[in-house]
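Can you build the whole structure from these sequences, using the hints too?
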Amino acid sequence: MGVSFKELLHKYNAGECTPDERAIIESWYDQLELPELNELTEEQLLEIELLIPRLPAKQRNRLPWISVAAAVAVLVIACGYFLYRTPNTPKQPPVAVMEHDARPGSNKAVLTLANGQRIVLEDAKEGQLAQQGGMIIKKKADGELNYTSGAVQEEDGTPLINAVSTPRGGKHHLVLADGTQVWLNAASSITYPVTFKGEERKVEINGEAYFEVAQRAGQPFRVVCKGQIIDVLGTHFNVNAYGDEPVIKTTLLQGAVRVTADGGESAVLKPGQQAILNSLQHVKVSTVDPEVAIDWKEGDFIFRNETLPDIMRKVSRWYDVDVDYGHYSHSTLTFSGEVSRSRNLSVVLKMLETTAAVKFTVKNNHITIADKQERN
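Going by my numbering, the letters in the sequence shown line up with residues 1 to 376, in that order.
Keep in mind that the hints were calculated from the coordinates and are not lab data.
Everything hinted at is true.
Label pairs and their in silico Cβ distance ranges: (1) GLN219 to VAL288: 23 to 33 Å; (2) LYS138 to SER279: 32 to 42 Å; (3) GLY227 to VAL288: 12 to 22 Å; (4) GLY198 to GLN131: 20 to 30 Å; (5) VAL268 to GLN181: 19 to 29 Å; (6) THR361 to LYS138: 38 to 48 Å; (7) SER342 to GLU245: 20 to 30 Å; (8) ALA214 to GLU122: 22 to 32 Å; (9) LYS363 to GLN215: 47 to 57 Å; (10) THR18 to PRO167: 37 to 47 Å.
With a straight-line Cα cutoff of 25 Å, these simulated BS3-like cross-link-like pairs (lysine-lysine) come out: (11) LYS125 to LYS139; (12) LYS138 to LYS197; (13) LYS249 to LYS297; (14) LYS108 to LYS138.
These figures come from a predicted structure and were not determined experimentally.
Each residue gets a CB set at the ideal place from its N, CA and C atoms; glycine is no exception.
Right under this line is the structure:
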């Protein structure tokens, strides 16, 4: 075919393959035929390893039949590559300038009780953390926060209110008194009653949260966040309502929800639909891949034609770093690809650098974005 496997693999990873060349290398994976694999250098294998996203289970089942080195190559061929939708794709794999790296986020959160007591959950031991009347708050072995039994109210009838907040670089999973499960992304918070009384179950969130709502007849679930209210009967959905995002996104995976903007517009979502609320209080509904919306919950970054500022806001929250965009603050470069959120910051940035003429410098938890200089 006039080009070696090594050359074609590099072109594939850089997004430079023609449709015919891409079909060839993907057919190699389908047939588990990887010519010249043993001739790959350590540098080439490292380049491949940096591009490994999550392998789907149906493809992972093939791995026992191939060598470790082959598995590395299969991962990148099976799972795709980063690309950007602008001309002048660089021909040489770039190198990020990393004076300092940053580790990924982890389970970190603070529980604030009704009396104002604050409990740092990552430091707390497994078992009972507190008791509020008849309600016992426990931390499970996997870090999950759990509310069990009892109906608790103060003497004046006011419900006891708790809050859980995550910092940048943190996430957390909790189960409310009604059995509803909530996953909080980085830099997010939820405020909720210790037990649910009355005609509705109402919670408030800031940031991003994924809900699996327990069904309870006659007591609908309501989520209040920036600029909108979400009414639920029993469903799985994700809400992205960060203060620094230009829009609020509500994505439905299962069941049905009604999104009502403060301005009065509303929409009922079906599974696979997303409501976007803009600053003018207009609600727009579109069909999306819901797995992209909950990538963070599953431990991944999944980018689908996202701009550099869109991506870096996610990176900033998860790795607890600040970003100096330079003249890229309104960049229209778009990227697509996948990478595990368990990888260090340098891996994510190197992957982005392979797709566009940008260079990232990391120092003292601060990322600077600049133009990449042409190599001689």
